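Using the sequences and the hints, build the whole thing.
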Amino acid sequence: MTDEPKPTRARRSPLALVTERVVEVLIHVSGFSAILFVFGIFFFVFKEGAPFLSKLDWMQFLFSSEWIPTSSVQPKYGAWALIVGTMSVTVLGMLIAVPFGLGAAVFVSEFCTGRLKETLKIVIELLAAIPSVVWGFIGLKVMSPLIISVFQVPVGVNLFNAAILLALMSVPIMVSIGEDALKAVPDTYREAALALGATRWQTIYRVLIPAGRNGLLAAVLLGVGRAIGETMAVLMATGHAVKIPHSIFDPVRTLTATIAAELGETSQGSPHYQVLFLIGVLLFSITFVVNLAADLIVKGVRRQ
Amino acid sequence: MASNPKVSVRDLRTWYGPKQVHRGFSFDVMPHEILGVIGPAQSGKTTLLRAINRTLEFTAGSRMTGEILVDGDDVHQVDDVYGLRRKIGMVAPLPVGLPLSIYDNVAFAPRAAGMNGRSNLDHLVERCLRQAALWEEVKDRLDSLGTKLSGGQQQRLTIARALSHSPEILCLDEFSIAIDPVTTMRIEDVLKELRREMTIILVTNLVQQARRLADRTLFLWNGEMVEIGATEVIFGDSPKDRRTADYVNGIFG
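Chains as they are written, first to last, in the working numbering: chain L, 1 to 304; chain V, 1001 to 1253.
Hints are computed from structural coordinates only; laboratory data are not their basis.
Because the structure is a prediction, the values reported are computed rather than measured.
Any given hint might turn out to be false.
[What the hints assert, rightly or not] Under the rule of at most 25 Å between Cα atoms (straight-line distance), these lysine to aspartate or glutamate pairs were calculated in the DMTMM-like manner: (1) V:K1240 <-> V:D1028; (2) L:K183 <-> V:D1104; (3) L:K183 <-> V:E1057; (4) L:K299 <-> V:D1143.
[As the list claims (entries may be wrong)] Okay, the calculated bits of chain V under chain L, using three or more residues with CB under 8 Å as the criterion: (5) 1050 to 1062; (6) 1091 to 1105.
Every residue gets a Cβ at the ideal spot worked out from N, C-alpha and C, and that includes glycine.
Right, dumping it as C-alpha cells:
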C-alpha cells in the first residue's frame, strides 16, 4: 500500500486574508467619506458667511424682497424675491416634468420592447448629458422668441421659459431612475395582474406604481434636486430680475443664479460676499428639508 | 359525448425563440372534470396553461400555432382578452402575492372588472377566502399586506384570488409546492367541491395528487402528449404507453 496523500482542505493564502481586511477598511472609508464631504461642504460654506451672521437682519434677509447689495449708502440684503424665484421656477418646472418624466418611464419600461426601447434609452441619456449652458442658450435663442410670439408677451426670458428648461433637464433623470424602479418590480406581478383580467393600464396604476413607489419617488426627488440646484440655465433664461412674479410670464431671479452672477464682483470678506455664502447655506437647508420630507413620506407610506 | 368540450386544444405547437416546447397534440377538457396534467420538468406543462389564458404572449419571442378553443371560441379571435382571462382562474406554482392588502388582493380582479360597492366586495372576499381555507387565519387582519403572509398562506391567497372572478375554468400549476401536506389535503377537498361549479386543469408534479383528484390524466413528456386517458387507466396496470407506466410508477429516468 502506497501513501495516499491526505485530502487537504483548500486554504486561503495569508495574502488573501490581508486583502480581505484592506478591502473591508476601504469600503468603510468610502462610506464614511460621503458623510464627511457633506459636512465639509456645509462647514466651509458656512464659515465664509458666518462673520456676517451677527450683523444680518434676519427679518430683512428672509422676508424682504429688496436686494440692493451694491448700494454704497444703505445696502439691503432681502432674499425673499430670490427664494420665491427659486421656488416658483422649481415648482412650475416640476409640474411640467413629473407627469412627462413618470409617463415616459412607464412607456419605456412597460410598452417598449427591443430596438425601440434601446434607442429611446440612449436618446434620453444623451438628453441628460447636454451641458446646462447649452440649455440656457436654447432658452435665450429658441424658447424666448417662441414664447413671445405664441403667448403675445413682451419678454421671453421669464419664469415660464426657465421652468420648461428645468423640466427638460430633469425629465431624463426621472426617466432613467423611474424606469429602473419599474424594472425592479418582479415580472410575476405583471403576469399575475394580467392573468386576473386586468388591463395594462389597471396593471400599471394598481400594481406597478404602488410596488415601485419608493423608486419613483426617488426619481422625482432627484429631478427636484437638479432643478433647485440648477444655475446656468436659469441665470440665462429667467430674466434675472429681482421681483416677486405675478404671472408665469414675469421674469424672476433665483438663489443660485444670484450667487453665480455676483460672487465674482465682490471683494473677499465683504458683507456682500458673506451674504452670498449665507444664500448658499440657505440653498443647502432647502435641499436638506426637501430630502428629509421625502424620506419621512416614504417611511410613512411604508408603515401603512 | 354528451356535452361540448370546455377547452379544446388542436395541434398545439409553441416556441420560445428557436426552442420548441409543444410538438403538436390535441385534446379536449370536458365541463366539470378535473384534468390532471403530469410530466417531468421542462415538458411544457406551465406553457400549456399560459397558452390557454394567453399570457404566453407576454414572453418576448414566444410563438404558437394550432388552436385553443374555450367554449368553442378561438382564444386568439376573442374581442375581449380580459374577459377571457377572467373566465380562467390561474394559480402559479410559487405564490405571487400582489403588494396589496389581503383584502385588495382578493378584490383586485372584481374591481378591475368594474365591481364596487363595499358590501358586495366584502361578501365576495369572505367567500373566496373561505373556499381557499384561509378565512379563519386572516379574518382579523384583512388590511395587512398579502406579501407578509407565510408561503403556504400566500398560496391559498392566490387561490382565493383566482376564485374571486368566478372563473369557469381553474388552472392550478403545481399549487402544492409551497404548502404543507395537511393544507394541501384541505385544498384538494375544496377542489373536489369546486368541480361542481367549474372545470379544473391541475398541473402537478405529484403523480399521486393527479391520481387522487383527476378524472382523466394527461401525460406530457418533452413537449409531446404521450397519453391521455381515464386516471384509472393511466395509473392502472396497462396504460397504452410503456413510458406512462414507468413514469407513474417512478421507474422513469
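Checked hints:
For the hint pairing K1240 (chain V) with D1028 (chain V), the CA-to-CA distance comes to about 18 Å; that is within 25 Å, so the pair holds. Distance restraint check for K183 (chain L) and D1104 (chain V): the Cα-Cα separation of roughly 23 Å lies within the 25 Å cut-off, and the hinted pair is therefore satisfied. Proposed proximity of K183 (chain L) and E1057 (chain V) is supported: the alpha carbons are some 19 Å apart, at most 25 Å. Restraint check for K299 (chain L) and D1143 (chain V): the C-alpha separation of about 18 Å stays at or below 25 Å, so the hint holds.
Coverage of a stretch by a chain is defined here by at least three residues with a beta carbon nearer than 8 Å to that chain's beta carbons; for the segment 1050 to 1062 of chain V and chain L the count is 4, and the condition holds. With 6 residues bearing a CB less than 8 Å from a CB of chain L, the segment 1091 to 1105 of chain V meets the requirement of three and the coverage assertion stands.
Comparing the model with each earlier hint shows no violations; every hint is respected.
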